[in-house]
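Asker: So the sequence lines, in the order shown, correspond to chains S and Z.
First residue of the first sequence? That's 1 in our numbering, and the numbers climb one at a time after it.
First residue of the second sequence? That's 434 in our numbering, and the numbers climb one at a time after it.
Keep in mind the hints are simulated off the structure, nothing from the lab.
Watch out, some of these pointers could steer you wrong.
Claimed, not checked - Distance windows between CB atoms, simulated:
| no. | chain 1 | residue 1 | chain 2 | residue 2 | range |
| --- | --- | --- | --- | --- | --- |
| 1 | Z | I528 | S | L165 | 17 to 25 Å |
| 2 | Z | F524 | S | L328 | 33 to 41 Å |
| 3 | S | S334 | Z | V569 | 17 to 25 Å |
| 4 | S | V53 | Z | F524 | 17 to 25 Å |
| 5 | S | L271 | Z | S479 | 37 to 45 Å |
| 6 | S | A272 | Z | E607 | 26 to 34 Å |
| 7 | Z | E607 | S | V173 | 24 to 32 Å |
| 8 | Z | I528 | S | T322 | 39 to 47 Å |
| 9 | S | K277 | Z | G573 | 47 to 55 Å |
| 10 | Z | G573 | S | F345 | 30 to 38 Å |
Stated by the list, open to error - Below, a sample of chain Z positions facing chain S; criterion: calculated Cβ distance under 7 Å:
| no. | residue |
| --- | --- |
| 11 | P490 |
| 12 | N551 |
| 13 | I554 |
| 14 | A587 |
| 15 | N590 |
| 16 | G591 |
If you're wondering where the values come from, they're calculated on a predicted model, not measured in any experiment.
Beta carbons: idealized from backbone N, C-alpha and C, even for Gly.
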Amino acid sequence: MKHIFFWGIFFVFLALPILATSAAPISGDFFFEIGLEPQSLSDGEVSKVDGVVIDAEMSLRLSLSVSGFDLTNWTVFSLKGLEYEALILTLKSPLTVRNITIFAPNILEVAGDLLWTVTRAAPDPGGLTGLPLRLFIHELASPLDLSKLLNPVLDNAIVFRKDILEFELTLGVLLARLSVLIANVSATAAPDFRAGMILSVAGQTPTGTSIEATTYFGARQGFECFGECKLIERFYQGYLVEAFGIQQEALIIRNLQIAGIVNDIELVIDLANSLTKPVSKFDWELKGKIFESLGFAQRFRIDIGPTLGQAFMQSQLVYGQTQLSIELIDNDTSTIDFPIRQLTFSMTLGDIRFRDILLLQATGGILHAIIIETSLEFFSFSSQTIFLGSLISNFYSERIDALYRLGSVEFKMNVLVRRDFLLFFGVGLGWHF
Amino acid sequence: MPNLKLLKKFSLSLLGVLLIALAGCAEQPFSASLAISKIAIPAGGSKSIQISIINPPDAKTLQIGPTGAFTFDPAVAIVTSVHGLNGFQIFASSIDNIGGKVRFSAGFPGGSIRPILNSGISMIELPIIEITFTAVGVAGTASALSVTSVDMLADRNGKDIVLTSVKPGEIKVE
Numbered sequence: 001m002k003h004i005f006f007w008g009i010f011f012v013f014l015a016l017p018i019l020a021t022s023a024a025p026i027s028g029d030f031f032f033e034i035g036l037e038p039q040s041l042s043d044g045e046v047s048k049v050d051g052v053v054i055d056a057e058m059s060l061r062l063s064l065s066v067s068g069f070d071l072t073n074w075t076v077f078s079l080k081g082l083e084y085e086a087l088i089l090t091l092k093s094p095l096t097v098r099n100i101t102i103f104a105p106n107i108l109e110v111a112g113d114l115l116w117t118v119t120r121a122a123p124d125p126g127g128l129t130g131l132p133l134r135l136f137i138h139e140l141a142s143p144l145d146l147s148k149l150l151n152p153v154l155d156n157a158i159v160f161r162k163d164i165l166e167f168e169l170t171l172g173v174l175l176a177r178l179s180v181l182i183a184n185v186s187a188t189a190a191p192d193f194r195a196g197m198i199l200s201v202a203g204q205t206p207t208g209t210s211i212e213a214t215t216y217f218g219a220r221q222g223f224e225c226f227g228e229c230k231l232i233e234r235f236y237q238g239y240l241v242e243a244f245g246i247q248q249e250a251l252i253i254r255n256l257q258i259a260g261i262v263n264d265i266e267l268v269i270d271l272a273n274s275l276t277k278p279v280s281k282f283d284w285e286l287k288g289k290i291f292e293s294l295g296f297a298q299r300f301r302i303d304i305g306p307t308l309g310q311a312f313m314q315s316q317l318v319y320g321q322t323q324l325s326i327e328l329i330d331n332d333t334s335t336i337d338f339p340i341r342q343l344t345f346s347m348t349l350g351d352i353r354f355r356d357i358l359l360l361q362a363t364g365g366i367l368h369a370i371i372i373e374t375s376l377e378f379f380s381f382s383s384q385t386i387f388l389g390s391l392i393s394n395f396y397s398e399r400i401d402a403l404y405r406l407g408s409v410e411f412k413m414n415v416l417v418r419r420d421f422l423l424f425f426g427v428g429l430g431w432h433f
Numbered sequence: 434m435p436n437l438k439l440l441k442k443f444s445l446s447l448l449g450v451l452l453i454a455l456a457g458c459a460e461q462p463f464s465a466s467l468a469i470s471k472i473a474i475p476a477g478g479s480k481s482i483q484i485s486i487i488n489p490p491d492a493k494t495l496q497i498g499p500t501g502a503f504t505f506d507p508a509v510a511i512v513t514s515v516h517g518l519n520g521f522q523i524f525a526s527s528i529d530n531i532g533g534k535v536r537f538s539a540g541f542p543g544g545s546i547r548p549i550l551n552s553g554i555s556m557i558e559l560p561i562i563e564i565t566f567t568a569v570g571v572a573g574t575a576s577a578l579s580v581t582s583v584d585m586l587a588d589r590n591g592k593d594i595v596l597t598s599v600k601p602g603e604i605k606v607e
C-alpha cells in the first residue's frame, strides 16, 4: 500500500513539471540519481559476479512566483518513499519574510568547526554523535558511506523537524536580520522542541568595509541537516542547544584595507563557555601584492569544537593564473605542533585547471593528488588521481566526475576507482524547467 | 562549437595522468602503520589513549588477538574501556588487568577509513580505537604501550593491508 502511495505521489510530481511548461510562474528542477557500490555476497573480496548496494534518489524543486511572493517546495524520494520535504515561503517587500518548514525522519546537528563534529543525531543509528562528518563528506569518500550509516533511521516516519522564520530589513547601508528557529530533536514519536534566535546587523562604511555582528540565542554556529545530509538537506542557520541564553557572538569584518592589504576577519566569542573556551573561532585572512604581478594571501584560523580544537594556517602566492600555497593543519590543538602539511600548486591554462597537492603528516603519512578540471558551456569534467604512501608509486584512487548539458537537460556521471576495486559508480539525470 | 585545441590539450594531460597512475598500479601492496598516543595522567585519574592508522587505504577491519595483544603495565594504570572511533566499532574485546593485555576485534560496518582530502582539513593519520585508563601507580611511574602483533588488518574489499610498524605510546602518572 505504501509503495502504491509513493509511486502515485511520484508520478503526480513528475507530471507537475510538464504542466509547468504551460504555466509561466512555475519553475523547478528534477534530478534522478543512482549510486552503486559493489559488495561481496560472500563477505570476502568482490568477485566478477557479485552483489551491489544501490541508492536511488529523486529530488524535485518546484517554485511558484507571483508578484513578490515565492513558494518553493523541495522533495526528496528514495526507494523507500518520501524522505525529506522543505517548504520555503518568501514574501519580498521592504521587509523580506522567509519561512522554511522541514519534514524529515531524522535531524543531525553539526558544529561549525573544521571537522564538522556531529553534536546530536536524532535518532542516532549508533555512534554518530561526536563523529566528524568531514570523514564522510569529501572527495575520497564513497557518497554511500554516510547514507549507509544513516540508513537504519531513514525509514522512520516523516515528522516536523525544523522551522526557520527569517525577517530581513534594509535601511540605507544597514541590513538587519532576525532568524527564529524551532527544531524537533526527538528520537522517538513524541516531539521534543528546542527554540533559538539569531540576530544579525550588518553595514558598510564609505570605504567599502563591511561589518556584521551576529548574536546566537539558544543556537550556535554550525548547521542542521536531514535525511542523508546531502547539500539540499543542509541548513546553515546554526544548530539549536537546550539553553535559550546567549551562546555566541560573531563579529565579521570584510574588505578592511590597511596599508594596501585587504583584511577579512571573523571572530566568534563563546559566551556560554566564556571561562573554559572563550573563543569558538578566529579566522583572519590578509590579501595584498608584493609586486605588481605577484600577489599573496595569508590566512590563520582557529576553531574550538565541542571535543577538539583545530588550527589552520595558509600562505599563498599568486602569479597570474598560477598559485602556490602551503597549508599547516593542526587537528588537535591540545598540543600545538601542526603535524599536517599540505603543499598545493595550481595553474590555469585556458579553461583547464591543474592542481597538484602534496600532503605530508609528521608521523609518516604521505598523499599525492593530481587534479585536472575543465568547465565548458556544455561539458564539465574533473579527474582526481591519488597516490598514497609515496609520491608517484602506490596508486590509490581515481575519481572522474563528468557533466554534459543538452539544453535544459543534464547528464552526470561519477566514478571512484581504487587500485583493486570499484568503490562507487553513480549516474544522474537532471531537468531544469 | 567545441574548442579542438583545448580538447587536445586536455586529452594529452589526462593521458599523462593515466599513464602515471598505471605506473603506480604495478607497485607492491599498500602499507600502513599504527601509532599509539602518549598521555600524562594524574594519580587516580582517568584518561584515554588513541590508536591511529597512518596512510589508511580503506581500512575496514583491525583485530589484535588472540595471538597479538595491546600491552601495558597494570601496576601503573588499568584499562576501564575500549571504544571504536570515527566509524570503527568494537565487536568483541577482552581486558586483562592482571597480565596487562587488551585484545579486540574492530571494524567499520558499511564503510572504511581512508585519508581525508579537503580544503582546510586534510588528514592521513586517523584515530580508530580509544582505550581508557585509570592511573593506579604513584606519580612519576610510567608504562610503555605497545602491540605485540596485529592478527588482522584488512581493507573494505577483504584484502590484507601490509602493516610496516606500530609506533609505541606511553602513559605517565603525574
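Asker: Kindly indicate which numbered hints from before are broken by the structure, ordering the numbers from low to high.
Answerer: Those not satisfied are hints 1, 5, 7, 8, 9, 10 and 14.
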